[in-house]
Amino acid sequence: MLGFVIQRLLQAALVMLAMSALVFVGVYAIGNPIDVLISPDATQDIRAEAIRRLGLDLPLWQQYLAFLGRLLRGDFGTSFVFGMPVLDLILSRLPATLELALAAVLIGTLVGVPLGVYAGYRPDSPVARAIMAVSVLGFSVPTFWVGLILILTFAVNLDWLPAGDRGPTVQVLGIGWSFLTLEGLSFLLLPALNLSLFKLAMMIRLSRAGTREAMLTDTVKFARAAGLKDRTILRRHVLRLISIPIVTVFGLELGSTLAFAVVTETIFSWPGVGKLIIDSITSLDRPVMVAYLVLVAFLFVTINLVVDLSYALLDPRLRRHGAAA
Amino acid sequence: MSAPLLEVTDLRTHFLTRAGVAKAVDGVSFSLASGEILGLVGESGSGKSVTGFSLIGLVDPPGKIVGGSIRFAGRDLVGLPPEEMRALRGRRIAMVFQDPQATLNPVLTIGQQMALALQAHARVSDRAAAERAAAMLARVGIPEAATRLSNYPHEFSGGMRQRVAIAMALLNGPELIVADEPTTALDVSIQAQILAEMKALARESGTALIWISHDLATVSSLADRVLVMYAGRIVESGPVGEVLRAPRHPYTRGLLDSLPAMAEPGQRLRQIPGTAPSLLALSPGCPFAPRCPRADADCDAPPPRVEADGRLFLCHHPLEAAA
Ligand SMILES: Nc1ncnc2c1ncn2[C@@H]1O[C@H](COP(=O)(O)OP(=O)(O)OP(=O)(O)O)[C@@H](O)[C@H]1O
Ligand code: SF4
Ligand SMILES: [Mg+2]
Numbered sequence: 001m002l003g004f005v006i007q008r009l010l011q012a013a014l015v016m017l018a019m020s021a022l023v024f025v026g027v028y029a030i031g032n033p034i035d036v037l038i039s040p041d042a043t044q045d046i047r048a049e050a051i052r053r054l055g056l057d058l059p060l061w062q063q064y065l066a067f068l069g070r071l072l073r074g075d076f077g078t079s080f081v082f083g084m085p086v087l088d089l090i091l092s093r094l095p096a097t098l099e100l101a102l103a104a105v106l107i108g109t110l111v112g113v114p115l116g117v118y119a120g121y122r123p124d125s126p127v128a129r130a131i132m133a134v135s136v137l138g139f140s141v142p143t144f145w146v147g148l149i150l151i152l153t154f155a156v157n158l159d160w161l162p163a164g165d166r167g168p169t170v171q172v173l174g175i176g177w178s179f180l181t182l183e184g185l186s187f188l189l190l191p192a193l194n195l196s197l198f199k200l201a202m203m204i205r206l207s208r209a210g211t212r213e214a215m216l217t218d219t220v221k222f223a224r225a226a227g228l229k230d231r232t233i234l235r236r237h238v239l240r241l242i243s244i245p246i247v248t249v250f251g252l253e254l255g256s257t258l259a260f261a262v263v264t265e266t267i268f269s270w271p272g273v274g275k276l277i278i279d280s281i282t283s284l285d286r287p288v289m290v291a292y293l294v295l296v297a298f299l300f301v302t303i304n305l306v307v308d309l310s311y312a313l314l315d316p317r318l319r320r321h322g323a324a325a
Numbered sequence: 001m002s003a004p005l006l007e008v009t010d011l012r013t014h015f016l017t018r019a020g021v022a023k024a025v026d027g028v029s030f031s032l033a034s035g036e037i038l039g040l041v042g043e044s045g046s047g048k049s050v051t052g053f054s055l056i057g058l059v060d061p062p063g064k065i066v067g068g069s070i071r072f073a074g075r076d077l078v079g080l081p082p083e084e085m086r087a088l089r090g091r092r093i094a095m096v097f098q099d100p101q102a103t104l105n106p107v108l109t110i111g112q113q114m115a116l117a118l119q120a121h122a123r124v125s126d127r128a129a130a131e132r133a134a135a136m137l138a139r140v141g142i143p144e145a146a147t148r149l150s151n152y153p154h155e156f157s158g159g160m161r162q163r164v165a166i167a168m169a170l171l172n173g174p175e176l177i178v179a180d181e182p183t184t185a186l187d188v189s190i191q192a193q194i195l196a197e198m199k200a201l202a203r204e205s206g207t208a209l210i211w212i213s214h215d216l217a218t219v220s221s222l223a224d225r226v227l228v229m230y231a232g233r234i235v236e237s238g239p240v241g242e243v244l245r246a247p248r249h250p251y252t253r254g255l256l257d258s259l260p261a262m263a264e265p266g267q268r269l270r271q272i273p274g275t276a277p278s279l280l281a282l283s284p285g286c287p288f289a290p291r292c293p294r295a296d297a298d299c300d301a302p303p304p305r306v307e308a309d310g311r312l313f314l315c316h317h318p319l320e321a322a323a
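Chains as they are written, first to last, in the UniProt record's numbering: chain A, 1 to 325; chain B, 1 to 323.
In case anyone wonders, no lab produced these hints; they're calculated from the structure. Careful, some of the hints might be misleading.
Some chain A residues well away from chain B (every beta-carbon gap over 10 Å; in silico) [said to hold, decoys possible]:
no., residue
1, Gln-44
2, Phe-222
3, Leu-241
Taking lysine-lysine and the DSBU-like style, the derived pairs with C-alpha atoms no more than 35 Å apart in a straight line are [to be verified]:
no., chain 1, residue 1, chain 2, residue 2
4, B, Lys-64, B, Lys-199
5, A, Lys-275, B, Lys-64
6, B, Lys-199, A, Lys-275
7, B, Lys-199, A, Lys-221
8, B, Lys-64, A, Lys-221
Here a beta-carbon is modelled for each residue, glycine too, at the ideal position from N, C-alpha and C.
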């Protein structure tokens, strides 16, 4: 087990290194930030000074090495636009996105899995058909449209929930969180619901398919022969049998939501990293883009690692990896 | 004589498939006394498993019991409300399946699985469940039973896994166990061990046993009585010694001749020619006729049911009774 963990950690580090290089080269090869940052009428001296200050005159590989060195020290450079350390900038926005993404994926999973399991257990019932209709909607209706409908319904017409922004936060560990107060939650609810719809659809599909398959196995038949109630069979046997794909998709969805919550963040004026990255792309704020992409890669790699390790917890047959055979 | 533990009368379990109605079990009748061991033999597809699943009310759709009765301990199980049937399963009638690899849940410890089987029928604390589970594992011959409760199925050998499944079946002290080819997937030497242990366990606990097998030899060493099944019907039944010594139905003879140890001396070992008929299109006559060496025009009519001295067979031209 320990060997397995170490091996996975090394793999993760390698992936990170490759990613950072790719991201760096990719982003630095497009556009010219000087054109964006400095007005065209600036004197040649001011331009040269800015290029030197930002290190843009060095060869690309030197820029990368310097970047990597700073990265290892946790220094992602300074934003061209905001003039503040990129790490601080991103970290000031990340908790909002983290909170939103986690809430969305959790809602999708906690609601979607039971619905999907039921739909797989009684595939021909009207309830199952209704559940599947919801999942088709979740896949096919565009996120921005649902977001607008949610705002129109719950914020404008019913006036139950705020239409946007983040509202009050509570400081824990020096970071502001919304989910700790009822009012904060009221701001979180609509954007989280909006984002969760797709995940809900996905979890329904996934657990329905898994449950249908599991219900046909001899394992379930044997449990039935032992007189277990169907509810117990679903809860104790089926849920465990389908947990691996669910955990996998949970991780993937969490990662991609963290990285790409931008549409929802924009609609709900949610001050997360999604909005930040869009702004930094339009202004070619390269340090922010690079740091963001590296962070996203880091998040994916970390989530994958956690998912991989949780496989070993969920499936005892994988646990002896690396142990004496 | 007291009423039998189990009395199956004219049981019909059909599969209503798109291609037509498959009469997997069609008019099966037999009875079983408490503590008796009954062998149920026949070729693949003859309806043995479907008979077994009918008894515990777990026929997979599109299968359905369409007729007959299953009286168990004075109650008809056909048409019993699902919740009552569930409460009966595992507690009074248990079942063991063929492949222990597939029946035990790979991601739960056997202790957890045995506890679930106990807690399905009574309030049992986890600790008490563990004690009872360990005791039962010890009884079926699993060494260091108490420490093995925290093991997962893949940590047992095939034979040990099947012992675990048998222990689970015995856990609630059922009056009847239906064992559907539980040793077929195992090595021959382990088969023999488990067979002997199963017989001893059934005898000492007074549990009646229906042992399903395609192998007459297995059944001969275990059962008191044997039912021979063909195309969804019982074509011959009787005390196992008598049936094996002097089969009356040509199909039983054919099964015997295909066994290495039981072929008539000097006769070549041979399989029954032809294949089992499609259950979708059975003629009204004897379903064995296309494969039967004794068949003639009479066999186009339904064969008579001949019953005498505890033996039964369905045949127009039965083999001679033993001299
Ligand atoms: N799910 C099903 N759908 C349709 N027909 C089925 C189904 N299950 C069983 N049958 C029918 O019932 C017949 C008997 O099947 P059964 O499993 O009882 O045979 P068996 O005697 O146990 O054979 P084996 O020795 O291979 O286990 C099959 O030939 C098939 O026609
Ligand atoms: S009824 Fe005819 S075909 Fe059927 S087993 Fe007897 S002799 Fe053979
Ligand atoms: Mg079978």
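Give me the numbers of the hints this structure contradicts, sorted from smallest to largest. Hints 2, 3, 5 and 6 not satisfied by this model.
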